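Visitor: Once you've looked at the hints, dock chains B and C against the given chain A.
Quick note, the sequences are listed as chains A, B and C, same order.
Read in our numbering, the first sequence has 161 at position 161, and its numbers run on one by one without any break.
Read in our numbering, the second sequence has 474 at position 212, and its numbers run on one by one without any break.
Read in our numbering, the third sequence has 585 at position 12, and its numbers run on one by one without any break.
Just so you know, these hints were derived from the structure itself, not from any lab.
All values derive from a computational prediction rather than experimental measurement.
Do not take every clue at face value.
[To be verified] Chain B stretches covered by chain A per the calculated footprint, using a threshold of three residues with CB under 8 Å from any CB of chain A: (1) 389-398; (2) 514-521; (3) 540-546.
[As the list claims (entries may be wrong)] With beta-carbon atoms standing in for the labels, derived distance ranges: (4) ASN131(A) with PHE783(C): 54 to 62 Å; (5) PHE760(C) with LYS529(B): 40 to 48 Å; (6) ASP443(B) with TYR1014(C): 49 to 57 Å; (7) PHE783(C) with ALA298(B): 37 to 45 Å.
[Said to hold, decoys possible] Looking from chain B toward chain C, a few residues come up when the C-beta cut is under 8 Å (computed): (8) SER295; (9) GLU296; (10) ASN360; (11) ASN364; (12) ILE373; (13) VAL380; (14) GLY383; (15) ILE437; (16) LEU471; (17) LYS474; (18) VAL477; (19) GLN479.
Even glycine gets a Cβ: it sits at the ideal position worked out from N, Cα and C.
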Amino acid sequence: MKRILPVFFIFFVFVVGGGWSAHSDERPRYYFYNTETNINNFASLKMEFDIYLSNHGSYLLQPFDLRENFEAVIHEKKGDVYLLSSWHLKELQQKRVPLEIALVGTSKGNTTQRKVLSAKKDIVNFAMLKNTVVAAAGSEEYVHSILKQILGKGQETLLKDIKILIVPKDIDAVMAVGFGMATAAISAESGLDKLAMMSPNQFKELHSLGFSEKDYLLIAATLKKTDQQETQLLDVLRKMSETDAGVANLKMLGIDGWRAVQ
Amino acid sequence: MKIINFCKALILLVAFLGSAGFAQSNKVLIVNSEKAVYRYETIATEFKKVLQQNAYQWAEFNLDSHANVEAELKQFIEQENPALIYCIGTQAYSLVHNVAPNKKMLFSAAINWRRLDVGAGTYGVANELSSAQELSLLRHFFPTIKTIGLLYNDSFSREYVETIKKDALASGINIINKPIDDTQEIIGALNELLPKIDMFWIISDPVVLSNKESVQQIFQAAQQQKKPVYAYSDVYIEQGAVLSISADIATIGRQSAGLAMMANQDKVPGGTVQSPAGSMVTLNKCALDALKLKFNQDALDSVNKIVGCEQ
Amino acid sequence: MIKYLSTLLVGLLIVSSSAFAETSTEQGSLEKELAYLAAERKVVVTASKMEEHVDKTVATTTVITQDDIAHIGARNLLDVLRLVPGIGITQTQFGWREIEVRGVKTVLSEKVQIMLNGHPLDHNLQNAGSAWVYDDLPVDTIKRVEVVRGPGSALYGANAFLAVINIITQNAKDLNGVQTSAGWGSFDTQQYRASWGKQFNNSAEAALHFNFTDTNGINSPIPADSRSIQGLSSNAPGRSQLTEGRYDLEWQLGYKDFKLDGRYINKKAGTFFGVASVLSDDRTQQDYNDYFLRLSRTWKIKDNFTVDTQVFHDFFSYDNIWQTAPAQFLHNGLQDTRTGGEIQANYHLSDTQTMISGFSYAKEQQGNLSDQLGVDPAHLLPTLPSTEERIRKRWGVYIEDVWDPLKNVRLTLGARYDRYNDFGGTFNPRMGFNWEFIKNYSVKFSYGTAYRAPAFGELGLVNNPVLLGNPALKPEEVKTFETGIIAHPVTGLTTQATYYHSSINQIISQVPVRTAISQYENSGSVIAEGIELETRYDFDGALQGSYIGANHVLQHSVQLGQQLADVPRQRTNLMANWAFDNTWSSFAHVLIKGNTLRNSGDTRNVVPGYALFDVGLLGKNMFGKKVDVSFNVYNLLDKHYYDPAPSSLNFIGDYQMAGRTFFGHVSLKF
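Bound conformation, chain A alone (with noise of 0.2 Å):
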């Protein structure tokens, strides 16, 4: 009985305190979560959003670090703005999850971007990727996904046979090839133009393999049936690029600007 006693007051606090938590604070909020970034530095993320967004109404960022937990939120909320990948976005939609693109990501006037598939000018086509590392920024689901569209179909072996090594930004993937970390890198094309700049040497020592389809940069959705809340929470998104502060903020997020889709 001594035992139990704790275990209930145990359960009993957790019960309280996340139910007093998940009622303390109805503030609308931005979820975020990303598969193409590996972002570890999450307090930073928010604490930076959150000082921007508390100077244009009473809003929160909520940055997520694991993508069951970003997804169990889509379905249990509702009127919030949650910002993700589009290939992300895509997954989520043929689980029939009722979520549409309100906001794409720009990035120096673009929306979209491909991902490329990038190695030593050693290394002439796929097969040579045979038990070799590939560097890459993002989830290992969204990466794995990526390489596959890349390598094409029938590839499956090669697919299994390709060890992906995880790093935080595409620049480090890019960078990885260079010094022997890894043997190729899948990394957005922006990803090699800041290696061109950066490293002339090195980008000059690469080639390209291959190259994913075109798709959208960061997407704010919305759930299908916007309310006035999420009306005002894209308000202020598409806003953030006309202050200095937005788009540091929103260089966080690897974009510069936020433009409307039809």
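Guide: Okay, now just chains B and C, sitting in the frame of chain A:
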């Protein structure tokens, strides 16, 4: 001698050896120098995640939870018979190197791995980012910086500093380095060094960075002489560093796991030591503005985190 | 209710996300980073370049570890040395054992330098050699034995002539508490040992070892002596009376850069046969006292420049009663001391080059002579001295450079000049290279010279009716060339093959000068050459801890065109250790020794070769890792075998050695 006795001896010896068979295992033994140290433990956690995904078995041995470490570790290795031993931290590496020199070994989180005796059966992920990578990023952020100074201890960092100097030369940066043996020498060395340099570089040297006071001394001296400080870790941003490019700890764990699996299958040459593949760039805009330091605006999108004065 | 629960779930997810965010903030704390750096600071990998890896040395080296010693079930140092390629152990008529190295063997083993933690133990100035006291050194406190074959005078000076045997004992760090052990075996053998070691917080450390050993000896039958064959009264036929008892104390005290260490040994022994070709009864008593005291300090001038300094005092005395006839006893006693100092500079020029150089000085003194004669040990009267009081002063300078011009090449170049006040100077160079021509395959080559200084007994033997000393003696010299290959064809397998060629000149030998009278003179030379093959495979996987090993030597030592007597042409060791599990392992060893020839003029048949089979069982880390036990059977098949008796004792045949013997050992750690 009687030939019959010799034959008896030989038969016994052959029977003795014949009874010995061969066996292979896929188990990895993780030896952690000190479980309470955040960096070691984070690396271990990420490492285990990847092993789990790939259905590898592992066992763990934490050096700080054993009294007679050497003997107990030796026994544990014999008991677990791992295919590879993953050593987190220099202490773990040194010990395993002595206790089981014939085992395949992988290390990480060891400061300046070049000072270790790395043999054919040893693999590693360095603790420091490749200095060539750091320098190219540094040059990208601060194109006008020409001379960088650093303090180090010869026993811990000599080889690393030599590599930095070589890589710096290639990227057109001049490094002025000054060895110290004790933290008491920091002030004198800085007074001599700071007037000659454009930027001070804090490297992960355990003698220079012995305690909080030595860290404060560095930043106070740099501030007095209005010299920017660049650091290997973002923990120094709060102290006033303008920029930090740090190796991402979690990536080191994942990268080690990948290397461990490849090494176990002999798909990577022995003696391979990789630089960490993940980096984290933090910019202190507040310190930058205070020093009126020229900064390449195009490089901003390579920054993971920008810290302003309000924080 | 469902809605409440799902809201609760989302709430919990948010709480967990916030918790994540908070840990992320903590990640960046300076305290955590400094804690990491402090943990890394604990280990300084100095990688002292002078502590070379065996593969990289130019000298032929064999290392026997504490673990190996435990498996062997060694009773004393001799049981360890007999497994080393190129080394053979045989019985002398006086009691102590001879250490044969590379086909050369002398009664006093004075051509081998034994060292304890780097300190030379040739404390007996009258007769040279260290086997007097150190042959049966207990092994329980030994951490490692390094046997370097080939000349070592370029670095160590006198008497590192054919080999250097360096015994490294456990220090405070190795002990870290109390360790005791006890062993019992055949011939009423008992051994006890207690060690204590501790490292203190104020950078002080202490290690103390105490050993006690006692045995009744092997009790071999002696059928005749020079008196019995003449029909005179005699103890023969009888049995050898080689009782041996010893106790010793070793200390290693350290404080900061200072270290005070030393070892005191008292050994009392009977004799195997005796002197004057007469079998002794149990009244022959050899009594030796031996100690050294060394104070050393390492000075760190710069990170790449250190200076080692030491002062030392060595002491050796004997107080022996020898039975020279059933009713005639001779008592000899003397004291030898050696006091000196050494300074050695170690300069780490670069990652690839290290240079050491040094200067040493020593004053050696012999005195307190005592010679008596009587009909029994209780009634002795002074007689004429058998040797002289003597003082010798010597100094030496040396330099050695170890340079790796390429990653796979090591060159070693060294030289030493020693100057003695009695016989003058001697210069000894050493050079060699090691080249790893393919990964895991190295070839080595070396050339060096060495010297053995004439002992006081050879310079100043007096009042001996048949043998005269010679104050004009020069040192013995040896020039050795050797080449070898060391390879690791697969993980766990080490193989080594070495060819050596030594030319020993100016041998100090007894040369007839008048009828029935000889004198010590530099006369004669020996050419010793041979091949040493060594291999060992350490098992991995489920059999980790198991190994098999073998070594084989083919040796040919020639004097005046004749193979040296009492030395075999070949010798083989086969070893296997099988680890059943983490606790139990079993060891097997076969020693195969070839025939040994006689001196010219000795009509006895050759001494037949033999094969001995030893087995052992070892249980480690039992009862909470505190207890180790072992049980060994030596000469399991009870083989009758003989060590050669010298030509002067040809009437007795040879020395019959022990049959099947047992030894059990228990060790406790606290």
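Visitor: Can you name, in rising order, the numbers of the hints this structure does not satisfy?
Guide: 5, 6, 10, 13, 15 and 19
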